[in-house]
Amino acid sequence: MKAIIIDDEPLARTIVKEYLQGYPQIELVSECNDGFEGIKAIQQYQPDIIFLDIQMPKINGFEMLELIEDPPAVIFTTAFDEYAIKAFESHAIDYLLKPFSRERFDKAFQKWLDQNNPVIHKTRTQELLETAAQLPSQHQRVVVKISGKIKIIPVEEINFIEAADDYVKIHTREGSLLKNKTMAYFEKILDAQYFVRTHRSYILNVQEMTRIDPYEKDNHIAILKSGAKVPVSKSGYAKLKMVLGL
Amino acid sequence: MEIAVLDSIVMNIQLLGACWLVSNVFRYYLPQKERYWYILFLSLGLSGLIALDSKGILISVLSREADYLLFLSRSWGVRFGVSFLLIGCMAILSILWYTLEEEQQNQQRKTDAERLEKEAELYKLRQQLQPHFLFNSLNSISALAGSQPELARKMIQQLSDFLRGTLKKEEQSSIKLDEELQYLQLYLDIEKVRFGYRLTTVIEKDDACNEMKLPPMLLQPIVENAIKFGLYDTIEPVTIRITAMAIGNYLQIIVQNPYDRETSSPKQGTGFGLNSIKRRLYLLFSRNDLLETKTDNNLFTTIVKIPQAT
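As you go down the protein sequences, you meet chains L and W in turn.
Mind the numbering: the first sequence is residues 1 to 246 in the working numbering, read in order.
Mind the numbering: the second sequence is residues 247 to 556 in the working numbering, read in order.
If you're looking for bench data, these hints aren't it; they were derived computationally from the structure.
From the three backbone atoms N, C-alpha and C, an ideal C-beta is built for every residue, glycine too.
Do not take every clue at face value.
Said to hold, decoys possible - So these bits of chain W aren't anywhere near chain L, every CB distance computed over 12 Å:
hint	residue
1	V256
2	E360
3	F381
4	L477
Claimed, not checked - Per label pair, the in silico range of CB-to-CB distance:
hint	chain 1	residue 1	chain 2	residue 2	range
5	W	K414	L	K225	29 to 35 Å
6	W	L413	L	K241	30 to 36 Å
7	W	Q351	L	K241	32 to 38 Å
8	W	T489	L	P24	51 to 57 Å
9	W	I549	L	A184	41 to 47 Å
10	L	P24	W	D435	35 to 41 Å
11	W	E348	L	T131	18 to 24 Å
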């Protein structure tokens, strides 16, 4: 079985490597400094398990997982705030709070060996990411992969978000990007003071709006600084008025 | 003649007693509501009492002086009026005096409370150690303990010295730059063990600022902020540059770190660490303009100015 360690601190990787030596059936195929290397290595080696730090350069552990199509089983190794990580208890295979002992490591590893079932891990990882999305630290930016490249978009740069089948289309000043998430997801994670779901298929950045015009029956249409037009339904109009304090 | 003396002694002793009574009443009890009615009734009651009492005494002592008794019964109203005025004045004066005193005490209490609050806040601001840093350092030590125990021991030493610095209880109002830089070096050495080749630091200083002073533990959180911002916002090796210089009557320290302006707003760099520095500088110097940040190209710059005592 193959394993990968992803952690930006060399000594932190050393310790996992050392503890892994007790398991001859595991082959450590790669050590990665950051999430970018991690994504590449996971695609290349298709590991059975990864040891993943959360706070890492550029993209954090959660963001990295989001960008992988078929994430492997994950054991988090982190000095992340204990209370925050508690939320993941049921989702991750386990998490190791740094510094951790060999006994603690063995326990987590054994837990994985005992329930090594890729299908379960996949749903778990999905649930985990949904929980992670509720952390305040995850609300500042959106990470997307576009033709093999990873792009980090600060949320202020989002003009509006549009539903597109199984994806959402994120419109920014520099163009639009697709992300494999739902409207409900974005409605939940984005700051409700600035982002309003004006329509079943649209979320609008209020700060980008220049004016709002009536449009057929009870509907309205919002005009953005960029010139784009975003539909506003009757209930969306009410929400918008509340956010703007009208 | 004797009669007059006796009369005035009786009257004045009673008046004195009443005034003393009034002032003592107000020393221990200051009515908060309806104090004017309180004064009025107290004065009326007391002066009535005095008038009756002195009349009783004088009549019984001087019962054979018929002229005097006539004078006494005629002057009863005047005596009552004078007593009332005197006691009323005394009451008002006492109230004013004791209210003023109470006010002063309140003021004193308030300034004391404010001072304590400020000290506590300063203490807390100095104490804000990032748990993330502590646990990751301990993890590095744990790793070193297996392979390089000597280095582990050294790092424990550095971490202990660093922690000891953060735990110093009394706020020394200021320490020399050299001393602060030594302390900073402990922190940097620990971070270098953690991040290995990715972290390089350059410290430059004017000889002119060797003797200049700054509040202790001020520099470390600024550098910590720069390291975090620099290391987590780029994936390349990072150089943190710390420059100290004397500008007029100020010690100016500049801390620079690289960042990626494509992916992060400079707002990110002014996160929690710098806000608490700003607050601390405000509490110490009552100024809000001593800390500033700016960005140019891919460099985030934090500038802090510390006024020097003249």
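Now the hints, each set against the structure:
1. The non-interface label for V256 (chain W) is consistent with chain L: the shortest C-beta to C-beta separation is roughly 78 Å, beyond 12 Å.
2. Annotated as non-interface, E360 (chain W) keeps its C-beta farther than 12 Å from every C-beta of chain L; the closest such distance is 33 Å.
3. A cut-off of 12 Å between C-beta atoms contradicts the statement that F381 (chain W) is not in contact with chain L; the least separation is 4 Å.
4. Distance check on L477 (chain W): its Cβ comes as close as 6 Å (rounded) to a Cβ of chain L, failing to clear the 12 Å threshold; non-interface status is violated.
5. For the pair K414 (chain W) and K225 (chain L), the supplied restraint of 29 to 35 Å is violated, since their beta-carbon distance comes to about 52 Å.
6. In this structure the supplied range 30 to 36 Å is violated for L413 (chain W) paired with K241 (chain L), their Cβ-Cβ distance being about 53 Å.
7. Checked against the given bound of 32 to 38 Å, the beta carbons of Q351 (chain W) and K241 (chain L), roughly 53 Å apart, lie outside it.
8. Checked against the given bound of 51 to 57 Å, the beta carbons of T489 (chain W) and P24 (chain L), roughly 53 Å apart, stay inside it.
9. Range check, I549 (chain W) to A184 (chain L): Cβ separation about 44 Å, and the 41 to 47 Å hint holds.
10. Between P24 (chain L) and D435 (chain W), the C-beta spacing of about 37 Å keeps the proposed range 35 to 41 Å intact.
11. For the hinted restraint 18 to 24 Å between E348 (chain W) and T131 (chain L), the CB-CB distance of approximately 57 Å leaves it violated.
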